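Asker: Place chains B and C on chain A using the hints.
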Amino acid sequence: MEPHPPQNPPPPTGDEPGWPERPKNVRRLIALTIVLCVAAVAADLFYSKHGHYGFENITGFHALYGFFSYVGLVLIAGQLRKFLRREEDYYD
Amino acid sequence: MSEHLSALIVVLPLLAAPVCLLLRQTRMVRAWTSIVAWACLCMALTLLERVHTGGVITYAMGGWDPPLGIEYRLDALNAYLLVIVTAIASVVFPSGVILTDTSLPEGKAHLYFAALLLCLAGLLGITSTGDLFNVFVFVEITSLSSYTLISLGKNRQALTAAFSYLVMGTIGGTFLLVGIGFLYQVTGTLNMNDLALRLPELLGSRTILAGFAFLMVGGSIKLAVFPLHQWLPNAYTHAPAAVSAFIAATATKVSYYLLARIIFTVFGAAFVFDALHLHWLLMPLAIAAMFAGSLAAVFQTDLKRLLAYSSIAQIGYMTLGLCMASETGLTGGIVHLFNHALMKGGLFLAVACVVMRTGSSSVNAISGLGRKMPLTMAAIVVGGLSLIGVPGTAGFISKWYLVVGALERGWYAVSVLILLSSLIAVVYVWRLVETAFFGVPEHEVCEVPWTSWLPTWILIGATLVFGIWTDVTVGGASAAARALLGVTP
Amino acid sequence: MIENLPPGMILILGALLVPFLRGRVAGLYMLLLPVLGLAQLLALPDQYSLNLEFLGYELQPVRVDRLSRIFGIIFHLAAFLSVLYSLHVKDRIQQVSGLAYAGAGIGAVFAGDLITLFIYWELTAITSVFLIWASRTEKAHRAGLRYLVVQVLSGVLLLAGAIMHYEESGSLAFGHLGLGSTGTQLIFLGFGIKAAFPLLHNWLQDAYPQATPTGTVFLSAFTTKLSIYALARGYAGTDILIPIGAAMTAFPIFFAVLENDLRRVLAYSLNNQLGFMVVGVGIGTELALNGTAAHAFAHILYKALLFMTMGAVLHRTGTTKATDLGGLYKSMPWTTFFCLIGAASISAFPLFSGFVSKSMILTAAAEEHHLGAFLVLLFASAGVLHHSGIKIPFYGFFGHDRGLRTREAPLNMLLAMGCAAALCVGLGVWYEPLYALLPYAVDFEPYNVTHVVTQLQLLLFALAAFIFMYKVHLEPPEIRAIHLDTDWFYRRAGKRLALSLGASVQSLWAAVTGSALGVAGGLGAWVARVHRPGGPVGEPLPSGKSALWAALLLFAFLVLALLVSDI
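Protein chains in written order, with my numbering: chain A, 1 to 92; chain B, 1 to 489; chain C, 1 to 567.
So here's chain A without its partners, still in its complex pose (with noise of 0.2 Å):
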């Protein structure tokens, strides 16, 4: 599907990855968020919220939204670029 690859060229060598690239950190990271994430659901469980619209009390429902809106806004940009794609020197 990609006609170019990102390129990855190694870091230059003699030199040590950094705490965000070992990948055991990512790990920590992810793990981190997912945590906050039920959290946050969670929290909805403690309080009673005070939403405008009825839809908003749903418990959950910003994180709902918030994921959706993530994914499908990335699937439909990915469709997008097959039309609206160009090569860098189409203007010049």
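Mixed in with the good hints, there may be bad ones.
Taking CB as the label site, the calculated pair distances span [to be verified]:
| id | chain 1 | residue 1 | chain 2 | residue 2 | range |
| --- | --- | --- | --- | --- | --- |
| 1 | A | Pro17 | C | Gly318 | 45 to 51 Å |
| 2 | C | Arg136 | A | Trp19 | 37 to 43 Å |
| 3 | A | Asp89 | C | Gly170 | 52 to 58 Å |
Calculated directly from the structure, the hints in this document are not laboratory data. From a predicted model like this one, the values you see are computed outputs, not experimental measurements. Ideal Cβ positions, reconstructed from N, Cα and C, are used throughout, including at glycine.
Answerer: Using the frame of chain A, we list chains B and C on its own:
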């Protein structure tokens, strides 16, 4: 003495011209012409002040009363014009670039200055006199001296440019003379005021109508109304730069005055526009001039030629003001006449500074000069902004009045065209700005001495001052417009 | 004397003196100008105004009220930060035009009548284009010309509208205008161009990324926010603004997802943020207008901060393309840190400035029952997290290490970023001073449990979605490509037309109609051929032919006089 002022302002430069031949030495002649120009400016200012406080000034030449004798008659319009012409002369004559770009043989500069003074005398004569035949005489004095001045340009093309100007100028002069003859044949008078009194009963006469047509075409040639402008681009391009500055800022203005005088004072707006529908013919020409002149300016490669074509467009704006035949429109036309004299005079002087340093007037000559000659280039930028009509500059004021004048008449399309053609001016002005500030310098040069940049900046600075402080320019112009329309304030 | 100058004049006039100063003195002087300007503004009493008569019209060059004051204050702050950020630049043209541009923007905000507004409006266009041209590349040159044409066009629309409005109403005052007449509709269109309404937006993404690294920081602050101010002043509560603004928040984020040049991503993101403000103006309640003003205030700071970090990257590495960047956190740790703060602010995480302002607009939309707009804004809030919150820092500073090793940004850049970052956090935590500046009295508490939790849910799950999409390789990869936007109409079609004329209006027309393409091209070529030296108009005719013209014209006059006239 002071009651003779209106004659003296013409006679002084006329008599001062031969004096140049006696002085001979360049430096002294130069000082002498400057002093004469300043004296004329003082007289013009006094006269304007008197007209505004005391009304029309009439002067019977040699004590012969009009309509038999020649009458000099100053109202708000020609007094205003006298100030413009003398003011430009007083700035251009002393300027350090006055001799730049001329092909004078060693020790012959006094002849050049004598021609300048004669030209000034002619212009002031056309403006002051109330006698049509006298107008013709002064038109010829002006023309002959300007042919000489133009032919003194340093390129050989200056001679052919002067020659084709001579041919067209002579045709124009002849048309004027024929027109004057026709009028004289029917009315038996040459005095403009007298004509104005006698003409209304005779307007059906074919001779009069033909005379009017000849006067209009003759005047249009002198004014360089599109498409009779053909003499102008070459003349301005090949003349010495300072001569271009002087002539561009004064000669066409005086021709404009002449046309306005003939239309409004001699024949009357009611006849010319309501019965004759002159604007049906003149307005399309004016609009064509606005676009053709501006577009042609976009494509020019020579600075002087670019400015010359821009002048043709500006003449279009002024003619448009004439066609409106309303107080606002005429005020716009006349105030544009004043403002354009300032900006074109200033711009041509700035080009003269460029020629002085680089020896060339091509657009490429100013490439990268923004850093080398900041004052001169800044003058070109400000003058250019004023040509566009950017708010804060004088050009905005005149265009504003023209647009409002067009709206008052209900000519919405015309007001849009004024704005559109101004956008074309953006293109040619930005081309200059870009070349000057983003180009690569081709010449190792430094700024011109103060004797050259100061006169430029006096004119350019004035466009800024009169862009904000409009009491004098607009006040004078609207008084002039009222005088033309015969409205008493 | 100095206290009587209109606000902005200190910067405009002061800019003219910059070329005469050298070295440190020049730097100090330039930093001092916005400080002086701000001091002068703060000294002006509320409801201060300056009236004068010009050409018989009642003008009001200065009008200070709460709405203009808050914009004036943030513009001064932005000017100070931008000057500090560009202190190392020795280019006189950029220094003068940047300061004058800021001054013109400030002056425009205090314009009490349409003519004064028009003058400053055009001045912002003319001064700012130099910040683009100062890149001194062919691309920047052409983008600058396109930018200038669009900006001047917006001004011309404003002037034309002002004149028509005056003919109809007899007033030039710049107060509430509404869409009641053709004149005010023209003005609306003029404002809309500068505010980058959908379909009128593309000058922004076209021009801003072409400016110099420092120039973009200046540009991001003034032009568009000036038009937001103008809309708030003239068109508050105009319903059509709600769908316009909602569309503005939504569609640029798709482009931002795809775009490779990170400065262009920020330009799309700028457009999206403007949408929030336009919706706020359209709702028009006190809360919404407060939200608009507050969001403009916060937005100028974090958007400038983000452009600053990208400018620093460009300054050090010479590129801002996502495909060429990555791993810069090692070389530029401070810049990375500031970028993260900017990203958190624009994403509106609680405790950052975007949160305290954006939530006002969202609440106002919900309170006025604009359900559609509310849902679009919520969607756009998640989208912001994608392109500004994740994409900019991730692809710029983390992501794939491309082996770029460079130095940290210069000290003055770091200081400017630091100040902006401090303000972003400061406003997010201690928002009362900002609320005190807002145009209307504030009865709004951003930090209640519902706001905080729902916003955190939205953002955290969007973040989780990113991780998910990235892991399953559905995230659109960064590729070396551009994506067509509306500028295609005037850039691509324009190229096929007469090269010399380059009139974008003509080319747009030709592109739209397709069949008119040949005609317009022919016309352009014809105009060029006729007006060029050597052409029939561009070159004077020989005397014989011009004499013929004189004869023809005489004939025409005679026909007019003898046959047509009513005598």
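Asker: Determine for every hint whether it applies to the structure shown.
Answerer: Do the hints match the structure? See the list:
Hint check: proline 17 of chain A to glycine 318 of chain C, Cβ distance near 25 Å, so the stated range 45 to 51 Å is violated. A hinted range of 37 to 43 Å for the beta carbons of arginine 136 of chain C and tryptophan 19 of chain A is consistent with their spacing of about 40 Å. Here the CB-CB span from aspartate 89 of chain A to glycine 170 of chain C is close to 54 Å, well matched to the stated 52 to 58 Å.
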